[in-house]
Amino acid sequence: MSTVTDTTTAATSLLRFATAGSVDDGKSTLVGRLLHDSKSVLADQLEAVEHASRSRGAGAPDLALLTDGLRAEREQGITIDVAYRYFATPRRRFILADTPGHVQYTRNMVTGASTAQAAVVLVDARNGVVEQTRRHAAVAALLRVPHVVLAVNKMDLAGYAEPVFAAIAEEFTAYASGLGVPEVTAIPVSALAGDNVVAPSAHMDWYGGPTVLEYLETVPVVTDPTADPARFPVQYTIRPQTAEHPDYRGYAGQIASGVLRVGEPVTVLPSGRTSTIAAIDALGQSVDVAWAPQSVTVRLADDLDVSRGDLIAPTAGAPQVTRDVEATVCHLADQPLLPGARVLLKHTTRTVRALVKDIPSRLTLDDLSQHPAPGRLEANDIGRVTLRTAEPLALDPYAGSRHTGSFLLIDPGDGTTLTAGMAGEAFAAGPGEPSGDEGWDF
Amino acid sequence: MSAAGSPFALPHLEVLESEAVHVFREVAGEFERPVLLFSGGKDSIVMLHLALKAFAPAPLPFALLHVDTGHNFPEVLAYRDRTVAGHGLRLHVASVQEAIDTGRVRERPDGTRNPLQTVPLLDAITRHRFDAVFGGGRRDEEKARAKERVFSLRDEFGGWDPRRQRPELWQLYNGRHAPGEHVRVFPLSNFTELDVWQYIAREKIELPAIYFAHRREVFARGGMWLAPGAWGGPRDGEDTQIRTVRYRTVGDMSCTGAVDSHAATIEEVITEITASRLTERGATRADDRLSEAAMEDRKREGYF
Numbered sequence: 001m002s003t004v005t006d007t008t009t010a011a012t013s014l015l016r017f018a019t020a021g022s023v024d025d026g027k028s029t030l031v032g033r034l035l036h037d038s039k040s041v042l043a044d045q046l047e048a049v050e051h052a053s054r055s056r057g058a059g060a061p062d063l064a065l066l067t068d069g070l071r072a073e074r075e076q077g078i079t080i081d082v083a084y085r086y087f088a089t090p091r092r093r094f095i096l097a098d099t100p101g102h103v104q105y106t107r108n109m110v111t112g113a114s115t116a117q118a119a120v121v122l123v124d125a126r127n128g129v130v131e132q133t134r135r136h137a138a139v140a141a142l143l144r145v146p147h148v149v150l151a152v153n154k155m156d157l158a159g160y161a162e163p164v165f166a167a168i169a170e171e172f173t174a175y176a177s178g179l180g181v182p183e184v185t186a187i188p189v190s191a192l193a194g195d196n197v198v199a200p201s202a203h204m205d206w207y208g209g210p211t212v213l214e215y216l217e218t219v220p221v222v223t224d225p226t227a228d229p230a231r232f233p234v235q236y237t238i239r240p241q242t243a244e245h246p247d248y249r250g251y252a253g254q255i256a257s258g259v260l261r262v263g264e265p266v267t268v269l270p271s272g273r274t275s276t277i278a279a280i281d282a283l284g285q286s287v288d289v290a291w292a293p294q295s296v297t298v299r300l301a302d303d304l305d306v307s308r309g310d311l312i313a314p315t316a317g318a319p320q321v322t323r324d325v326e327a328t329v330c331h332l333a334d335q336p337l338l339p340g341a342r343v344l345l346k347h348t349t350r351t352v353r354a355l356v357k358d359i360p361s362r363l364t365l366d367d368l369s370q371h372p373a374p375g376r377l378e379a380n381d382i383g384r385v386t387l388r389t390a391e392p393l394a395l396d397p398y399a400g401s402r403h404t405g406s407f408l409l410i411d412p413g414d415g416t417t418l419t420a421g422m423a424g425e426a427f428a429a430g431p432g433e434p435s436g437d438e439g440w441d442f
Numbered sequence: 443m444s445a446a447g448s449p450f451a452l453p454h455l456e457v458l459e460s461e462a463v464h465v466f467r468e469v470a471g472e473f474e475r476p477v478l479l480f481s482g483g484k485d486s487i488v489m490l491h492l493a494l495k496a497f498a499p500a501p502l503p504f505a506l507l508h509v510d511t512g513h514n515f516p517e518v519l520a521y522r523d524r525t526v527a528g529h530g531l532r533l534h535v536a537s538v539q540e541a542i543d544t545g546r547v548r549e550r551p552d553g554t555r556n557p558l559q560t561v562p563l564l565d566a567i568t569r570h571r572f573d574a575v576f577g578g579g580r581r582d583e584e585k586a587r588a589k590e591r592v593f594s595l596r597d598e599f600g601g602w603d604p605r606r607q608r609p610e611l612w613q614l615y616n617g618r619h620a621p622g623e624h625v626r627v628f629p630l631s632n633f634t635e636l637d638v639w640q641y642i643a644r645e646k647i648e649l650p651a652i653y654f655a656h657r658r659e660v661f662a663r664g665g666m667w668l669a670p671g672a673w674g675g676p677r678d679g680e681d682t683q684i685r686t687v688r689y690r691t692v693g694d695m696s697c698t699g700a701v702d703s704h705a706a707t708i709e710e711v712i713t714e715i716t717a718s719r720l721t722e723r724g725a726t727r728a729d730d731r732l733s734e735a736a737m738e739d740r741k742r743e744g745y746f
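So the protein lines, in turn, are chains A and B.
Residue 442, in our numbering, is where the first sequence stops; the numbers in between run on with no holes.
Residue 746, in our numbering, is where the second sequence stops; the numbers in between run on with no holes.
Which residues of chain B face chain A? A partial, calculated answer using Cβ under 10 Å: (1) 456; (2) 457; (3) 461; (4) 472; (5) 503; (6) 604; (7) 611.
What the hints contain is simulated information worked out from the structure, not anything from laboratory work.
Where a beta carbon is used, it is the ideal one built from N, C-alpha and C, also for glycine.
Pulled out of the complex, with its shape left as it was, chain B reads as follows (with noise of 0.2 Å):
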């Protein structure tokens, strides 16, 4: 029997889907202060889709936080307070820029500010004491997420000790935790970028331009297109040209790379990731090549 053929068949976006939506529903249904990561980038858009859908027709039971770096495309930022204000929204936001000008972090010779994010992020969760952080994080992404649970306990200090994860079984997902302790849910665990794009596809979900094919300033560095900006770059030596690029994951602008492309639909989208050889973090992501375990070391200290 082909599962296609059955009547009871489930598409498998819509079994991924009841299945993150059920995440949203039980930390409603058991946290005092859940917050949703908001970078407007396609998966927490994804995630924001999601969760609507789960609490509809009531408003979303939550708040949005976004880490703001201070190197954010404005395609993005219109985005995103777009939607704050179309489904009125409550918007937190985090920022880089300003745990810098206070002295709570330095920033770093190399100008990335991804790494940054962390403190900015975990005095947010402190000050609005959240308990449960939404992150759009997939376990397809890399190595270290590949061994994410659903619900990520982190400790005091938001440290993530893969060792001392707690086993996670059938669909009960344990969120106990201790004052000032909190917990990472991942409601995309199991959706993969291609699922990501396909579900956005079928739902007809609306994205920051810069997804998609544009002519646009960039110049290389470390084999990736880089948008010029007040970031810093380009430097001396660095030319810029302009290219028809898209962006696959959407970020900090320092280390986020665009790659060429003439996909300038969803479904031309779908196409060229099917075929790309590379992963989107690999093509896409410098931060994530600085060492072989980059994401696991951050994810210990905090990072989402």
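Same shape as in the complex, but just chain A (with noise of 0.2 Å):
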């Protein structure tokens, strides 16, 4: 497990990140510059790229065509879906989660941004902090993504001026702090002439921080899971029923958070009967200790009644049960979401009836100005949501856990994925106002 060192993998950490910018903010090209530069773009991808350059009359290789990969995506020159995209450099290995810019895909921007530790967000120096610049950054608040990177792209149009960049850097950092976002790193770049990108730009002198590259290269993706309590969801339970396995009985599921300890008092919840963990099983190897996001076993002291959908917690730590849900959600289906609606709520490895009670409020992202009471929520609309469940929950605040705060409401008809959901109260816990907005409760 931890313990074994080997010199191929163990130097090497994971970095998921995520895109976001505007239409014709140049975010392909920045995409195709990062792999590119970083040598990730390989001779037969870019023979094949610049062949379908050719083959449309286009002077140069179009390196948005790396990353376009549909049909449909390469005959309108638009990203319609989230893609993923790896790359590594010796320091580290990036998932990087590409979503499309347009207004109409915010759901798009939530489901990237979801699994994202950073997000990148693209501005254009010329036009600055727009419309969808806040957008994306409520949504990065909204979903919790540690790390915020402000890439002001297009330095070359905008004469590479400090003045320019400094404004827009601080204008985007007091937005994106008032709205609880913890940190906010912002670097000048050209993605077409390559500045700053992954090679340090010789035309801004003034600029003495990280590129692009090396800032995801050196960003923390550890945190400290100690600091966290403990959850298990049950996942399946694991009997082999074996002559060499009479009687072993194991829970298996990946830790979503904090540290598990052989000897360790749990409760079981929703039925809150307490055992203590007898022992874990590492996938192979017997170990006293494990921590998210490992996939375990563990085995319990006593014989309880434990199946999938149950969550395993340190009796000192656990969480509260209940049937009365209140989240902010982003709806991502086109039909809409009603009061009243009766829909699945899937909740770690729990899937319950539910029933929508309430929408009391929409955000509009734009200017992040709430509307009260809006009959309906439509697609790529966030808005806060009151659920009532027919079993017990073992929720936590989203601010708390991306993990065991989250859910999905599912269509019981036809399984559609409709709406993601964030428990909790609010999303922007930041101290002070947001700029120039009156009633603020998300």
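Now that you have both chains on their own, put them together as the hints suggest.
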């Protein structure tokens, strides 16, 4: 397990990040530049892009073709869906959620941001912070992406001028911290010319910070799991009932947060029964301690009734169980979400029936104003929702855990994923009022 | 703080492993009749390894399905049968040859059987009422695959509609489906080719010998080294020669090319692909070169 030292892998960490940017602000070029300049584009891929560019009559290879993979996307020259890209440097491996910038695809940025440890928000230096930039910052704050990078792009078209960059960086940072974004790093770049993407710029001596890639290579990804209470959603009961293992009964799952230790008193929710951890099997090795995000199998000292959907937590720090859920949600489906809707709610490994009791408000991302009693949520809408579930859930606030605070609403009829939910009161926990906004409750 | 310095840092392979195991257990917990596609290629071998770890010490709670093109490398079939016997697994075989013999599909003029796998695969899914089908697809393989979900709903015709994909957030996978529909599941979605090889090295997983450099009779066609065989090569005017080669992917003999290589160990293979300027499919798969959207088009028809 963690004690294994392996020269090929030990030093490499994994960063998941998402990109966001408006149409035409150069996001595809930035992504293409990151892949190309980090030498992650191989000869046959580049050849395919050059061939496709030529057959369209383009003079130079269009790096956006590296990322727009579907027929409809290439035909229309737009990105319509999240794509995942992979690249590596000697310091780190990266999973990039490449999200479309178009207004109507807010749900796709929400999708990409849900697993991201960092978000790169692009703005055009000539336009500065625009509505779409605020929308991206709000989504990053809502999804609690720990690190936000502001890439001020097209600096070549703004004379590489420091005051242009400084004004945009200041405006964005003030806005984002008002939303509760814990950390913003601003970087002046030209994706087209390659300034400060992978290599430092020769045109901006006044900038002393990291390039985009340097930032991504060094931003911390490991948090201290001992700071969070342990949460272990049970996925599957392993009972071999073989001659070799006649009495083995293990609860398989992935540790959602915190640390599990052998000998620790635990409570199984929602039943509330207690026991202690007798053993932890970490994919083939018996260990005394394991932590998020390891997949393990836990055995308890007592023979309790535990099954898929239950949550094992330390008795000292177990969450409350509730049938009344308040949440901020992003509606994903084309059919609207209405009060009174009967839905399924999937939370960790548990799926329960739920009723949409009320939709008290809808957020307008453009100016972050809230509209009371909207009556419904349409696709890409973000709003507050109250739900009542048929069975109790061990739900944490999303602010405390992205794993045990998140849920999906699903249409019980056709299985459509309707809504992404984040439990708890509000997403902006920053001190003070966001600039110029009254009645803020998200 | 550097990640590697923290006592709680997990190597990236362990993160990917935990994630894949999570996917296997989700499917076992939510579906009635899952099946694991097993070709004897490195990705399906890694999938099987992860699945065995996910449910140990219990036996695998699902069977394997091999879509047999009839043009397999003998070393790979031998590996498949050895693995199935060694772990006491259940194996279903969907045969392209049988589908040709019974008139379900027609042999193509170019002799390639890769696209012909779709019909026997869908027939087997229908016959056995499989509701979840694990595939070894990775998003780094191809542009259309970069858009693939971990849980990918397929309609009653097995088709993939990229515009109707469900958004997939956090690690909450929605596997609900109507009768007749099924879900393709890709536990290795976030692995790259290099990750797969590093994981094989870390776990000391045995592979079919053709993945390592060996002397083999080959002939050139379409810029690739193909192995002669009953599948129909070489044709007149195609001369065979003995070369030292290995395979980066394993599939149908008629469209899977060998690469010149002296990499005889896992470590040498890792060194080689780290330095390679070609993707594995660009180097060795003829069928992906058919058109700009070859993979997307085949996936729409129900290909894995």
